[in-house]
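If you're matching them up, the sequences are chains A and B in order.
The letter at position 191 of the first sequence is residue 191 when you use my numbering, and the numbering goes up by one with no holes.
The letter at position 280 of the second sequence is residue 578 when you use my numbering, and the numbering goes up by one with no holes.
Hint data in this document are derived by calculation from the structure and do not stem from the laboratory.
In this text, all values refer to a predicted model and were calculated from it rather than measured experimentally.
The beta-carbon is built from N, C-alpha and C at its ideal position, and this holds for glycine as well.
Just so you know, not all the hints are guaranteed correct.
A few chain B residues facing chain A, derived, Cβ under 10 Å [claimed, not checked]: (1) P309; (2) V396; (3) P400; (4) M586.
Examples of chain B residues lying across from chain A (beta carbon under 7 Å, computed) [as the list claims (entries may be wrong)]: (5) N426; (6) L428; (7) Y579.
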Amino acid sequence: MDTFLQQLVNGLTIGSMFALIALGYTMVYGVMKLINFAHGDLVAGSAFVGLFVFSQLLGGEVSLPVVIGVFLLTIVAISLLGFTVERLAYRPLRTAPRLSAVVSALGASMVIQNGIMLLWGPQMQIFPELIPSVIWEVGGVVISLMQVLIMALSTLLMVGLYFFVEKTKIGTAIRASAIDQDAARLMGINVNNIIVTIFLIGSSLGAVGGLFIGLYYRGITFNMGWQYGLYAFVAAIIGGIGNIPGAMLGGLLLGLFKAFIAGYVSSTWADAFTFILLIVILIVRPTGILGERVAEKV
Amino acid sequence: MMKKIQVIGYPLFFVVMALLPAVLDSRWLVVATTFVIFTIVALSQDVILGKAGMFNMGQALFFGLGAYTTAILNSVYGWPMLATLPVAIIIPALFGIVLAGPIIHLRGDYLLVVTIGFNIVFIQAVQNNLGGVTGGPNGIFGLEMLQIPGMGAFQEAAPYYAALFVLLLTLFIIRNLESSKAGRALHYLREDDLAAGSIGINTRVYKIFAFGVGAGIAGMAGTVFANQYSAVSPEAFNFLQSVLFFSIVIVGGSSVPGILLGVFVMFVLPEIFREFATWRYFIFGFAMIFTMILRPRGLWPAKFGRIPKAFLEKGGNHGQQ
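Model the full structure from these sequences, guided by the hints.
Given below as structure tokens:
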């Protein structure tokens, strides 16, 4: 029972990180029908930028204003990077064949990933301990301040995003562009601006996710974007890609699944089991758990 | 144009390739062999991705299955290298068929992610030494060298000629495929699989067929690879390799000259410019983006049949949805 509760806490923590990252994939896919392969590398880049901001720009002393500063500056830097990627690699291919855009996205991912390597080197870097390590023990379950903060902040961001997309005018425009870009344009929506908006939002959420990964796992490597990005993308697909609550649900489910596999089976098989889960879900529900069933258009 | 290339270009290419070992030292011979092997894998990827239009990003899985089949049969059961070849074709082909069966109805990006998944499951199974025969993370080494009788002084070039022979075989298979009923069926289902179904093409069977053929060819390349390095290890078949093969086919334009060019740029140029090794993927990333922006259909787009250019839809996307 203790293992169960402990893995539940761990699973919810990593699940909320996956969910944050998955939102970036799912929002871009919803509007552009394109897997944003560079998103995972933006997430990795965020951890490195956070490290740089903390140790080089803000002096390397932990205090509340510094931590908030690290988060804000990193979010700004990564969303600008996301904006640049959209401008250079995706916008010129808006009307090109689908596969060309996929390859361009892979190219953008390689550029960012290897850009990180050229700037910071191929070896693992240690992310600073920005949050004091306070640990509580509740009924045999160990829970840290960091885990509580990660879960609370992720929940806050996701609830905020949900209301933004459902209740505001821009949110309505985002949903309209996701359903039909041409029709949205006819209604006077500037779809290009909407795409820029979702890239900015997606990259910002990814930046927070990247900082959380740095804080939680401590060791950061230039190529970790593929790994976390792939997990987050799988989470988005499990939930039903293009569907915002779906990405949150998928992220949490995947985090729990991964934690329970690690707790009860073996972590060396975690990746394999995750993908077997994905394959089974896609065989049973080809568009994910919350995904709409789309009839074949003729 | 295309005809001219087939009549003059291919024989010329093979004559040049056959004479290469005479002028290359042993390091460059290894590079040349690798070039030929990766060309075969990229061509096998092209059968699934380019010809049938299915987003497969797990081709390294079939390549690895072939290589591991050869390595296990050779190291555990003592089979000679050449005798493992048929098994190394059949096992990946069977896997291709069995794995494709339940997922073939998935569309576009979903298929892409599932094939990535297959690749990752394979790598993890191999790394965890499934069945105790895969050698874990280190792989299997010390395989027997291929012996071709009568080669004499050219013995060193034996793996190279084996690879070149397999490449010739692959091109022959692909040429026949293109001009056969199955090839036309694949072409139609890439252009529009609903329309293909409604003119009586059994799309499901042909999609699975494409996976089987592509996997079988990749398996052959795997045997040659195991033979070249006398070793196999998991990293050689990981998901990054699949990404590279995927990109090569699309950047090349899914034609034979385009794929040759793509493999040359991805695997041979880095050997020439060794001092830029760390910049390799950084530069490739930019190259991939700019190629796609400037030539969205690839460097050397494939043509099909004898339809005059004027009748082709301008800016048509050639079946890529």
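To see whether the hints hold, each was checked on the structure:
{"no.": "1", "hint": "P309", "verdict": "violated, 32 Å"}
{"no.": "2", "hint": "V396", "verdict": "violated, 13 Å"}
{"no.": "3", "hint": "P400", "verdict": "holds, 5 Å"}
{"no.": "4", "hint": "M586", "verdict": "holds, 3 Å"}
{"no.": "5", "hint": "N426", "verdict": "holds, 6 Å"}
{"no.": "6", "hint": "L428", "verdict": "violated, 10 Å"}
{"no.": "7", "hint": "Y579", "verdict": "holds, 5 Å"}
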